[in-house]
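Protein chains: 2
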Amino acid sequence: MRPLFELQAVDPTGARAGVLHTDHGDVETPVFMPVGTQATVKTLTPVQLEELGARLVLANTYHLYLRPGVALVERAGGLHRFMDWPRPVITDSGGFQFYSIAKLNRVEEDGVRFQSHLDGSRHFLSPEDVVALEASLGADLVMPLDECLAWPAERGHAEAATARTGRWARRSRDARGPVFSHHGHRQFLFGIVQGASYEDLRRRAAAELADLDLPGYAIGGLAVGEPKAQMLDLAALTASLLPADRPRYLMGVGFPEDLVRCAARGVDMFDCVMPTRNARKGTLFTRAGRLVVKNADCADDLEPPDPQCGCYTCRRFSRAYLRHLLRSGEALGMTLASIHNLYFYLDLMRGMRTSILEGRFAEFQRDFFRGYRMATD
Amino acid sequence: MRPLFELQAVDPTGARAGVLHTDHGDVETPVFMPVGTQATVKTLTPVQLEELGARLVLANTYHLYLRPGVALVERAGGLHRFMDWPRPVITDSGGFQFYSIAKLNRVEEDGVRFQSHLDGSRHFLSPEDVVALEASLGADLVMPLDECLAWPAERGHAEAATARTGRWARRSRDARGPVFSHHGHRQFLFGIVQGASYEDLRRRAAAELADLDLPGYAIGGLAVGEPKAQMLDLAALTASLLPADRPRYLMGVGFPEDLVRCAARGVDMFDCVMPTRNARKGTLFTRAGRLVVKNADCADDLEPPDPQCGCYTCRRFSRAYLRHLLRSGEALGMTLASIHNLYFYLDLMRGMRTSILEGRFAEFQRDFFRGYRMATD
Numbered sequence: 001m002r003p004l005f006e007l008q009a010v011d012p013t014g015a016r017a018g019v020l021h022t023d024h025g026d027v028e029t030p031v032f033m034p035v036g037t038q039a040t041v042k043t044l045t046p047v048q049l050e051e052l053g054a055r056l057v058l059a060n061t062y063h064l065y066l067r068p069g070v071a072l073v074e075r076a077g078g079l080h081r082f083m084d085w086p087r088p089v090i091t092d093s094g095g096f097q098f099y100s101i102a103k104l105n106r107v108e109e110d111g112v113r114f115q116s117h118l119d120g121s122r123h124f125l126s127p128e129d130v131v132a133l134e135a136s137l138g139a140d141l142v143m144p145l146d147e148c149l150a151w152p153a154e155r156g157h158a159e160a161a162t163a164r165t166g167r168w169a170r171r172s173r174d175a176r177g178p179v180f181s182h183h184g185h186r187q188f189l190f191g192i193v194q195g196a197s198y199e200d201l202r203r204r205a206a207a208e209l210a211d212l213d214l215p216g217y218a219i220g221g222l223a224v225g226e227p228k229a230q231m232l233d234l235a236a237l238t239a240s241l242l243p244a245d246r247p248r249y250l251m252g253v254g255f256p257e258d259l260v261r262c263a264a265r266g267v268d269m270f271d272c273v274m275p276t277r278n279a280r281k282g283t284l285f286t287r288a289g290r291l292v293v294k295n296a297d298c299a300d301d302l303e304p305p306d307p308q309c310g311c312y313t314c315r316r317f318s319r320a321y322l323r324h325l326l327r328s329g330e331a332l333g334m335t336l337a338s339i340h341n342l343y344f345y346l347d348l349m350r351g352m353r354t355s356i357l358e359g360r361f362a363e364f365q366r367d368f369f370r371g372y373r374m375a376t377d
Numbered sequence: 001m002r003p004l005f006e007l008q009a010v011d012p013t014g015a016r017a018g019v020l021h022t023d024h025g026d027v028e029t030p031v032f033m034p035v036g037t038q039a040t041v042k043t044l045t046p047v048q049l050e051e052l053g054a055r056l057v058l059a060n061t062y063h064l065y066l067r068p069g070v071a072l073v074e075r076a077g078g079l080h081r082f083m084d085w086p087r088p089v090i091t092d093s094g095g096f097q098f099y100s101i102a103k104l105n106r107v108e109e110d111g112v113r114f115q116s117h118l119d120g121s122r123h124f125l126s127p128e129d130v131v132a133l134e135a136s137l138g139a140d141l142v143m144p145l146d147e148c149l150a151w152p153a154e155r156g157h158a159e160a161a162t163a164r165t166g167r168w169a170r171r172s173r174d175a176r177g178p179v180f181s182h183h184g185h186r187q188f189l190f191g192i193v194q195g196a197s198y199e200d201l202r203r204r205a206a207a208e209l210a211d212l213d214l215p216g217y218a219i220g221g222l223a224v225g226e227p228k229a230q231m232l233d234l235a236a237l238t239a240s241l242l243p244a245d246r247p248r249y250l251m252g253v254g255f256p257e258d259l260v261r262c263a264a265r266g267v268d269m270f271d272c273v274m275p276t277r278n279a280r281k282g283t284l285f286t287r288a289g290r291l292v293v294k295n296a297d298c299a300d301d302l303e304p305p306d307p308q309c310g311c312y313t314c315r316r317f318s319r320a321y322l323r324h325l326l327r328s329g330e331a332l333g334m335t336l337a338s339i340h341n342l343y344f345y346l347d348l349m350r351g352m353r354t355s356i357l358e359g360r361f362a363e364f365q366r367d368f369f370r371g372y373r374m375a376t377d
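Line by line, the protein sequences give chains A and B. If you count the first sequence from 1, position 278 lands on 278 in the numbering used here, and the numbers rise without skipping. If you count the second sequence from 1, position 64 lands on 64 in the numbering used here, and the numbers rise without skipping.
Hints may be right or wrong, so weigh each one.
Chain copies aren't distinguished; within one or between two, either way the pair holds.
Claimed, not checked - Straight-line Cα separation of at most 25 Å, SDA-like style, residue types lysine to any residue; simulated pairs:
#1 Lys281 / Ala362
#2 Lys294 / Arg67
#3 Lys281 / Val47
#4 Lys294 / His117
#5 Lys281 / His63
#6 Lys294 / Asp119
#7 Lys294 / Arg75
#8 Lys281 / Asp26
#9 Lys103 / Gly329
Hint data in this document are derived by calculation from the structure and do not stem from the laboratory. If you're wondering where the values come from, they're calculated on a predicted model, not measured in any experiment.
Starting from the given sequences, assemble the full structure and let the hints guide the process.
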């Protein structure tokens, strides 16, 4: 069986270029995965997503389990059919949601006991349950149940949680194997390295998960409040501990600058609500940094959001028009801003990949930071 | 100079087919014009509108005057450039908004004194002011300032208002002529027949406006609360009073069944928030009548909203998916529902036009009502 990941090039910086081979098509890495929590990347049609060059979309098991229910999605033929996305899908287990939004979350050895944030109904899910749900959802890439900790995490707590996440990963793999198929296509199970800010826990977790010989690995529990420098160090450390021939997915990161820096640290896959959530609030990412298009200084500005950008929004509309739409509460404003921000992220990844393949990622990184004015952390 | 309207066929029922020749392209009639009040047809990109077959879009002078301001739109090159809609645009004067949403509206002989519904600021606009604003906005079809009355309207009040609307129409024409050009393309001024529910007032208004020899005529002041049968009778009467060689626009109407009935009464142009507003609230128009896709009976329904429909939404998505999106507050639900409803309206118009050209509109009407279950008035 053809493995999921093919490593194509490693730049002198350590940045990697590769391909994920899925039954819904290939995905070139490094890749940014737009977030489609509720089986929709907010405000966009699948056709618009496709035109942006999105290749892999992230949906969320916790959310879909609660609404509309996994049985419906399964009966529809899986997420690809339900949301009309013919390319690969990855599902997060909900580990992060149990930590962030579910009520009365209680982690037990056997799984997670929680109340729905929607209606307060009570639920219990074991690692095996979660894999079964994700099999039904039909994701190509499957994240197992894990325990994500708030920052800072007390040592004893982190140690126990990290060990449990390791045991859950093994149980998840034992349930259906590292690669399974529920809808006729292959579904690849990842392992998630936790360990909070403790290097030795990260090392231990990475080693344990490597033993499970999974098709891919994720770096979890970062971007949860820790300082940016620590995030970068821990991402770099964890990436370096993972098998070189497996894809490395840094969960929930981040700003454009974080993507560039973490790609340089050997990360292959990223997801974040940043581009879409900021878009809906009127903040655009441009080559010059962040542009708050909702601000008054854009009121009469007939320039495109980013004059160098090739996206639909920048080719056809002005800052003043976007501001007008966003101020007027018009949904099109959120759509056009989301189109721009996702294009910016996806284009950034394409630029990174090309420079990695050509062995000049350091130069790419320099050029990027020369033009880009960052917000402070 | 080529006239705006070319009448191509009159069906035995009285239904008409024609073409509006504008400098932004031809528009076949009967036509439904999606409402783009704030220079956006809510939730849709211009590309999506174009793909739906929309050919003429309605924007609103009152709203755009208050936000973002007409000067900005003018500097952008007019509405077509501002909103990236290369096809014809029609602007309503705001007469209906003064009546429906502006605060402290006071009609004087010289114009309308009102407070903004957004910030309470005070404004005065004369008929000449309104034409000047619409010239700057660059609409191809321009509605003059009129006085729209609530139903029922007292006789004396209706008489005075209708006469004033007639005087305002003459002043509007005298300001720049029946056809003018501010952005390099022709802009055609319409006359609006008011008269509340009084047939003699409608007759008098139609005759006075016909004397002005305007490129097109609108039937205003209907669908403001009067019984459906009265609306139909008054629309038919007013249409019959208007010059046969000018387009007839019934403002703010209506449900699909109203479009069919009023086309049979000789109306050429329609606009209504019905398809888009209902879409956003989860109600779809289908060949079988209205479908409240947000209702629980759609929860597990994997059929498309309208199995006979050729729109993007019906070809790719299920009722259950739409319901999931709408319940989850996902903007894509509103977009997909708007796509369907507008396609349904535009497709209905295309069907009407074909049957009129073939002289079998009565049959078309019969077939439509056979399948279509109407809501009660």
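Evaluated hints:
1. Lys281 / Ala362: Neither, since 33 Å and 51 Å both go past 25 Å.
2. Lys294 / Arg67: Between. Shortest inter-copy distance 14 Å satisfies the 25 Å Cα cut-off; intra-copy 32 Å does not.
3. Lys281 / Val47: Close inside one copy (23 Å) and across copies (23 Å); limit 25 Å.
4. Lys294 / His117: between (31 Å within a copy, 21 Å between copies)
5. Lys281 / His63: Answer is both: 22 Å inside a copy and 22 Å across each meet the 25 Å cutoff.
6. Lys294 / Asp119: between (34 Å within a copy, 18 Å between copies)
7. Lys294 / Arg75: between (42 Å within a copy, 19 Å between copies)
8. Lys281 / Asp26: Neither: 33 Å inside a chain and 38 Å across chains, both beyond 25 Å.
9. Lys103 / Gly329: between (31 Å within a copy, 21 Å between copies)
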